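Student: Take a look at the letters that make up each chain.
Number of protein chains: 2
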Amino acid sequence: MEKFILTIAREYGSGGRLIGEALAKSLNVPFYDKAIISLAARECGLAESTIEQNDQKISGALSYGLFTTVNGLPVSDQVFLAQSQVIREVSEKQSCIIVGRCADYILCNDPRCIRTFIHAPLAQRVNRIRELGQITEDDLEAYIRKKDKARAAYYEHFTGLEWGRAQNYHLTVDSSIGLDTTVDLLSELVRKRKI
Amino acid sequence: MEKFILTIAREYGSGGRLIGEALAKSLNVPFYDKAIISLAARECGLAESTIEQNDQKISGALSYGLFTTVNGLPVSDQVFLAQSQVIREVSEKQSCIIVGRCADYILCNDPRCIRTFIHAPLAQRVNRIRELGQITEDDLEAYIRKKDKARAAYYEHFTGLEWGRAQNYHLTVDSSIGLDTTVDLLSELVRKRKI
Numbered sequence: 000m001e002k003f004i005l006t007i008a009r010e011y012g013s014g015g016r017l018i019g020e021a022l023a024k025s026l027n028v029p030f031y032d033k034a035i036i037s038l039a040a041r042e043c044g045l046a047e048s049t050i051e052q053n054d055q056k057i058s059g060a061l062s063y064g065l066f067t068t069v070n071g072l073p074v075s076d077q078v079f080l081a082q083s084q085v086i087r088e089v090s091e092k093q094s095c096i097i098v099g100r101c102a103d104y105i106l107c108n109d110p111r112c113i114r115t116f117i118h119a120p121l122a123q124r125v126n127r128i129r130e131l132g133q134i135t136e137d138d139l140e141a142y143i144r145k146k147d148k149a150r151a152a153y154y155e156h157f158t159g160l161e162w163g164r165a166q167n168y169h170l171t172v173d174s175s176i177g178l179d180t181t182v183d184l185l186s187e188l189v190r191k192r193k194i
Numbered sequence: 000m001e002k003f004i005l006t007i008a009r010e011y012g013s014g015g016r017l018i019g020e021a022l023a024k025s026l027n028v029p030f031y032d033k034a035i036i037s038l039a040a041r042e043c044g045l046a047e048s049t050i051e052q053n054d055q056k057i058s059g060a061l062s063y064g065l066f067t068t069v070n071g072l073p074v075s076d077q078v079f080l081a082q083s084q085v086i087r088e089v090s091e092k093q094s095c096i097i098v099g100r101c102a103d104y105i106l107c108n109d110p111r112c113i114r115t116f117i118h119a120p121l122a123q124r125v126n127r128i129r130e131l132g133q134i135t136e137d138d139l140e141a142y143i144r145k146k147d148k149a150r151a152a153y154y155e156h157f158t159g160l161e162w163g164r165a166q167n168y169h170l171t172v173d174s175s176i177g178l179d180t181t182v183d184l185l186s187e188l189v190r191k192r193k194i
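Residue numbers (numbering that gives the first Met the number 0), protein chains in the order written: chain A, 0 to 194; chain B, 0 to 194.
The hints are simulated quantities; they were obtained by calculation from the structure and are not laboratory data.
As the structure is a prediction and not an experimental result, all values here were calculated from the model.
Errors might be hidden in some of the hints.
In this list, chains with the same sequence are indistinguishable; a pair is considered to hold if it fits within one copy or across any two.
Straight-line C-alpha distance at most 27 Å; calculated DSS-like pairs for lysine-lysine [stated by the list, open to error]:
1. K56 with K193
2. K24 with K191
3. K92 with K33
4. K193 with K24
5. K33 with K193
6. K145 with K92
7. K2 with K24
8. K92 with K148
9. K191 with K145
10. K148 with K191
11. K56 with K146
12. K191 with K56
13. K146 with K191
14. K145 with K24
15. K92 with K146
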């Protein structure tokens, strides 16, 4: 199989991470999600806990004024740059799957990059999050909307593009067709694509 | 195979119609595109040529004032209603594939309906249209953009939804992955979906 990098952007609770992990296992390639955090920590010399706190966050106008660091960049921007560097490095080395962190945009000029977006109806995402039982918020719908809004804002801040616009991706999938079916479709895309 | 209706919305020049025809052939189900026009003509009693002229057009404010008909609706709205009726009727009868005409929205409450959107980078669409040699416009890019704009306006006028927003579809595909690969992915979706 030709070398590829498959990026997965995903709505909160859509199962995008699980789909990525299952696909990585089935194609026998590395999977990068949170793992990028520790690699990025080494890259930029920040503590791993600082990276985690600033992961997929953007600097507000206020914090831009108050919390710039010695090299003149807010921590969240430094984290983005360090993660971008890691994404470029790991994608140079081998085929892999990367979830989130604007990887589709960072690798948009790489012809081996396959860009995907996973979403699902809100009601299904509420059910999935409820069944997992890890989030104790009373209003799960509001919580999910807030998470999506933050992801869209992060993506648009760093890329200038609209998160979830079909034309930004090779494939977008509503995971309510089934997580296994979604994995099968992505796998078929990797194997048969002409890009 | 369980009964299904697969709808294809598509950017101009993305190969959406060809993909739909190939898929219909491979799954051995009827394909509806322009065929809806003549069926709709019988439905609403308008001449087929009138339907063709008003197919996928919306009424401007001016024509609303000038060209309302005896039952108080502009011809383009009558055509939309007649086509909607035909879409509901053919989808009741058997599995089928329907291209364009807001079929995804018209059938959005039908659990057997699979909604898809096909797009492709502008440069590839220009090449496809140029190779087909049927359009004699000097500025093909501008021509394609105008066609897309009209399709988006038509969709948004009748549905209130954003044309090409990933979340409106079960699957969106960039057909630059290959027309055959796109047909294979849609076929896999039809066969394996859990919706």
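Student: Each hint needs a verdict: does it hold in this structure or not?
Tutor: Cross-check of the supplied hints:
no., hint, result
1, K56 with K193, "neither (35 Å within a copy, 35 Å between copies)"
2, K24 with K191, "both (18 Å within a copy, 20 Å between copies)"
3, K92 with K33, "within (18 Å within a copy, 49 Å between copies)"
4, K193 with K24, "both (23 Å within a copy, 22 Å between copies)"
5, K33 with K193, "neither (30 Å within a copy, 30 Å between copies)"
6, K145 with K92, "neither (35 Å within a copy, 42 Å between copies)"
7, K2 with K24, "within (16 Å within a copy, 33 Å between copies)"
8, K92 with K148, "neither (33 Å within a copy, 41 Å between copies)"
9, K191 with K145, "neither (36 Å within a copy, 32 Å between copies)"
10, K148 with K191, "neither (34 Å within a copy, 31 Å between copies)"
11, K56 with K146, "within (11 Å within a copy, 38 Å between copies)"
12, K191 with K56, "neither (35 Å within a copy, 37 Å between copies)"
13, K146 with K191, "neither (34 Å within a copy, 30 Å between copies)"
14, K145 with K24, "neither (31 Å within a copy, 44 Å between copies)"
15, K92 with K146, "neither (32 Å within a copy, 42 Å between copies)"
The structure shown violates the earlier hints numbered 1, 5, 6, 8, 9, 10, 12, 13, 14, 15.
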